[in-house]
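S.K.: Respectively, the protein sequence lines represent chains A and B. Residue numbering for the first sequence follows our numbering, beginning at 1 and increasing consecutively. Residue numbering for the second sequence follows our numbering, beginning at 1 and increasing consecutively.
Please note that the accuracy of each hint is not assured.
Stretches of chain B that chain A covers, calculated by requiring three or more beta carbons in the stretch to come under 8 angstroms of a beta carbon on chain A [unchecked claim]:
# : stretch
1 : 499–507
2 : 765–779
3 : 840–846
4 : 860–873
Treat the hints as calculated values from the structure; they're not laboratory data. Yeah, the Cβ is synthetic: ideal placement off N, Cα and C, and Gly gets one too.
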Amino acid sequence: MKRWLHWKFLSALAVLGAGSFLLWAQEDAVFRVKVDMVVLSFAVTDNKGRYITGLKPSDFRVLEDGIVQKISTFAEGNRPPVEILDNGTVRPMVLTEDGGDGKTGVESRADAFVGTSVFVLFDTSNFMYRGFVYAEDAIADFVRGLDRADSVAVYTFSRNLSRASLLTKDRNDAIRGLRQAVAGDDTALYNGLLLTLRDAAKVPGRKVVIVFSNGPDNASMIAPDDVRAVAEDEGIPIYVISTNEVNRDPISSNVFRRLATRTGGKAYWAKTWQKQVEAFESIREDLGNSYTVTYYPKANPNDGFRKISIEIASDVGKKYRIRSRPGYRPRTSF
Amino acid sequence: MKGSVLLSVAVLLVPVLSATETADRAMQLVSAGDAASARSLLAQAARANPADPVRLREYAEFLERFGDPEARTVYRRVLDALGSGGDAATRQAAAERLAVLELLAGDSAGAAKAVSEYRAAGGAGLNEPPSGPVSSGGHPTVEIPGPLRSFSRMAAISRAGHVSDVLGAVARNVVTNGYQASHSNDALDQTEYLKLVIRYLAQARELEKLAGESKMLRVPGCESAEAGELLRILGFRMRGGCGAEVVLETVNASRAFLTTDSGFPVADLEQALRTNRPFEYDFRPTEVPVLYGPDYWTSDRKDKGEPFIDILLSDPSLCRLYLGFSKLDPDTATALKDGIPVARIRAFAHVLDFFGGMFEIRNGKAMYPGGARAAGVWADLVGAHPDKGAEFYEKLLSKDDGWLASLYDALMRIEGPAQAYLTDPDRLKRFYTAVRGRITSPGPARPVFRSNTDMMLLTTRLHMLPNGQPHIPGSVQVWRNLFVSHPHGKYDGKLTKLAQGWKEPDDVLEALFALSRKAVENEPLKIFMAVSDLDRRRKQPLADATVDRLAREYRIFGQQYVIFNDAPAVRDETIIQFLDTAQSLSKIRNQNLRSDAIGTMQALVSLWQILSRQGALPEEKTDTALSGILSEFSTKVSNSRDVFDGGRNGIKLLLTAAGAEQGTDPQARLLDLLAGSPGDAESHGRLVQQMNRVLESQRMVSLTLILELADHLESVAGGQEMNNALLTRLASRVAEISLPRAPLTSAEKNAYAFGYWTEKHIDEQRKTNLRAVVERARGDAEKLREARGLLAPFLRDILVAYSYAYYAPPGAQILYTNPLFVRGHDFLGVQGANQTWRQTETFGSGWPANAGGRLLGSLTGLPYALADAEQNFLIPTETQALIWGDLVPQMMLSAKLPRWSGVSGVQLHWVGLHLRYARHLLAKAAIHPAMRQALLETLSSKAPPRRTHFVARALESGDAAAAADAVLPAELYLLGLKMASTGDAGDPFVTAIRQLAASSAPAVTEAAISRAFGTPKPTLANSYQPELLNLRTFPTLMGYSSRIMAESWESNTLYWAALADELHIRPSQLNLLIPEWTQQVVERIFASHLEDWPALLYSLRTVGDDVRAKTRQTLSASLAGSADR
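Construct the complete structure from the given sequences, taking the supplied hints into account.
M.R.: Written as structure tokens, this is what we have:
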């Protein structure tokens, strides 16, 4: 019984990702207990932007505020994760339907850490009116081409968010939801993005959000940087495909760039259908060639922004570039 | 606890208790708020005595009173237990109740059987219910190509509506959204919305042709010719050869857009092509009824041969006429149709649309406000006697471009002393003349929304005194002075002249009527209403001098007057003190200091408002508490220490007035008070937790720490050592305050001078280093004491944050995501706009590089503004759902601001009983025709004629469920209340209602129920005190948008109260559940237009049904579990 409780507890933590708990004791005293598991996705490229694959867990050192972290699990692309034992050796994670592998406390769903949960956020506001159907085609192509292990959700937004298709492995369901999208009016991009991140944060394992938008926002109450902070803290890379030209709307372009780079994602400017397809192809490639590690942060008095850095141990690795989120804030939730 | 002890004892005694004793004990349990135990007790008694009809009946009646569906089964068992030889009266009663329950459950056969049993037991007066649903009127139909679902998507019509309402909804959308002024000439241009609908119809016709005779789109396989033709029409093509690789892609963007926007199943088609399976799609046209058939509408047109839907879309004036007719009750509409040629009535379609909803012809006579004594004056004004039905309305429509019709409509919507007063023949003429003015064009029906809103407010909210006279705040003299010498210039030249001779109340009312026809803001009416509403709640009306001051300073401080309605015991002197203080604070030259001083003062007043409203401050202390707070800011505030001291003393004063013990943690105590009476520790704890979550997300420095630091500085000044731990706690919190983000790009900065002082306010806090200040001042006692001024901005923010946390709406995101949202509250606003004392507004949304939206202005409108800011984070379940601007914030406000900790189970049961009693009566009227008239008469005082007529038809056709569902919960409550006063004493509902009225009289008075289950109405009643006004729902009104309309909806809380009673939910749990349920209601609304109340009602009931199902499932599971054990 005790063991069951233990695993359930850890499972809940995994679901929360970088979440935390607050327990209420008698006499209204407040105890905050922070037990965070950090999920960190990153891509390694050479100086020409080509992906470097095939690296081993022992090739990486993850530091948080300069403190070296012990990596718990490691995965490359959409391959199943491996568990890193204390002696540095690895072993495949035995994931069962009823309670995870019994050691790392990962979520109980057997495939929780296999593949990526991809949330596509499609702008259906007035700004997208002209390119609406071509955008749908490009997104549909992207959904079809996702790795079998990946799950996909399609959300749309104008003033409000709409969950056109919930997270599914069934590509037809996702495309059916996409094709049912209705053109809307105002554009509340950052409101919609925030809500999408909130949904994504509830999903265990690796997840990304892909925003497909024209750019200008005329209705959000949330600032892009507040949304970016949520993505950083939750460890969710944001990929942005703007259907505008980069110089056409420099404000939005800068915001998109910042959102993407600070969360470990990428930004694309793709006005034509062909460019949009290419952007999606690039994202797919990124997902297939990224690494994902998890770790439990070591004791750190810093309750504010914790800087994450990833180093490659070998000399050759020093020439490589690593793209990941720069850090996160361990947040106390109630 | 008490209830469960009672139950345990009672359960043990069940075998030996008589039926009466069991019933008495069950009643005691209900009175103690433990209906669940009462149910168990009665259930056990019934189980133990399965052949005892008395115990079974008691159980059945209990279940019926609580709306438990099990009642039907138990009544059936009562009848079985009675057999054919039982007491005839008892059998009749049981059969009658069963028949009604069967009808409400939609089981006509069951109802018919029960009626037969009733008759067999010797009963008379009940008819067998006619079978079949209520008919939609039997109008001829026309075809709209393609499925209704697709057309509805394109035409922006809710799928939840009835097919008979489709053309009315289309007409409304065409009127409001279909046409716009042309850039080049006087003609109207089609909007993009309408162009798409028209293009869709063209595409749908092509598809219909392709579907052929069978009206079925069929594609046998990927390579078939049909596939190619279908794809061409849809605007798609195949990429890749037939087989698993085929995908559909756009080839014609216009067509493909229509295809997806109308919801054509492209994905299914693609899947069929990919797997080479046949694709079939039903493309039968939709038959929609047309009022009186298409010929009536096209009789004066040359293009009669065209499909009716095309004619309708192409003609906005025809749409307006159709819309006007669709709002009338069918009998009246038919009378008008038959009495007035279509070409003539079409000229006044706009008047019919706005002011025809209350038209009603009965037995050939037109209904009119004021009764028999007003018949003559209506005949004079209109030019036809009301007895002449259609002719009366024809003249009314054509009179003065709608001014008289607008007065008629406003007066028809009210009742009682106000209507009697205003329809006095002489007054009616006088007020009409004032409303009409000399120049009648443009009339009030010309704009998209009705324009003379103020008149409707005046007639609806006129405060009548017990002597039948209207209340004029202050005296006529005050109003005369205001009109003659207004500080901001004349309201109206003619009225200024006339005002000099004013002597009586009607002079003032006449002026208000006259001003209500003007398009400009009617400030006198707003003052009149605001001060009337203050007087309405006070034991003593405000003195002339106070009213005079309030009237003269309305323009600057008027939005603050709502505050005083939360504590009617506030004296005139304190109100004047408020105005003096506000004036004095507004004169502080240092903007930062002014912002902090006003922010702190407003935050304290906001907390005072909440605590007064919740009863945490005893009524006799509300005045001294407010006066004490104001005194802290009345004298000159010259630096941040004064602000800090004012804030600190103000909060101590509030806590003391609320009875907080000395030495308690101030933040914990305050949150405790805000969470309301801790009747239910779990709910109370969760409310405190919710508020703490907001404070934490906003990185607030706790009030306790701030006050400890200030006290400690005093101690250090007295020679004590500095407590470093305290300083560290402050410093670590300060470190968490984010950088103020640039609120504007440079281009935006040029356009608005906005945000500068807010940035400074935040920056000032980030730079606070109390440790350094203390070290520098070491040895200088005065400087150490002065250092507390550095804490003033932190104190302001935490005090403001309490109100934000208290009003945090369900589904909020900004409060948890933007850590500077509270700190960013801008008390100064845009330079030159003087927003410090105005309503709270949202500002700054939608700029891509901005710092996020924020609130500005005073805190008086905070509950609404917060809900407004957060509403777009609700996620509609329907992709097309219309979440409209003003209704949603008001619904959220009504779910969050009232608190139910002080409400008793008896009060819940009182509301539940009345709602269910009214439904019972409506259902009974379906089989008891003699009852109908009285019920419909009562209903017609609140429901419009068209809906009353629908209920009548539903009852005639035996569709009791449809009849009951068409009545709003607020109307059901009033219906139950009215009918219970004269109801049959033997009826279990009436018995229970009278027992409650006798045993719990103070809890169930009209005022107590209004306070417990009413809604706040800051616009309509100038008050946040929840109350029931029992008004007809308002239409959309120009100038107020739909806020007043939203405030006139009072059904939600009454519905939730009845639901909670039915499911035995504790009142204190409602503080958590109602916001949650309301969020679900909003997310499920699928409305076609702003006045689509049925859509809201449908959503409300859907959520209620879900809650019922889940709660009963849990209950059954727990009962099954306990049975197993």
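S.K.: Do three or more residues of the stretch 765–779 of chain B come closer than 8 angstroms to chain A, measuring C-beta to C-beta?
M.R.: violated (count 0)
S.K.: Would you say the stretch 499–507 of chain B counts as covered by chain A, given the rule of at least 3 residues with C-beta under 8 angstroms?
M.R.: violated (count 0)
S.K.: Report holds or violated for chain A covering the stretch 860–873 of chain B, Cβ cut-off 8 angstroms, minimum 3 residues.
M.R.: This one holds; 4 residues, not fewer than the three required, reach chain A with a Cβ under 8 angstroms.
S.K.: Go check the stretch 840–846 of chain B versus chain A for me, would you? Three or more residues, Cβ under 8 angstroms, otherwise it fails.
M.R.: It holds, with 3 qualifying residues against the three required.
Comparing the model with each numbered hint stated earlier shows that hints 1 and 2 do not hold.
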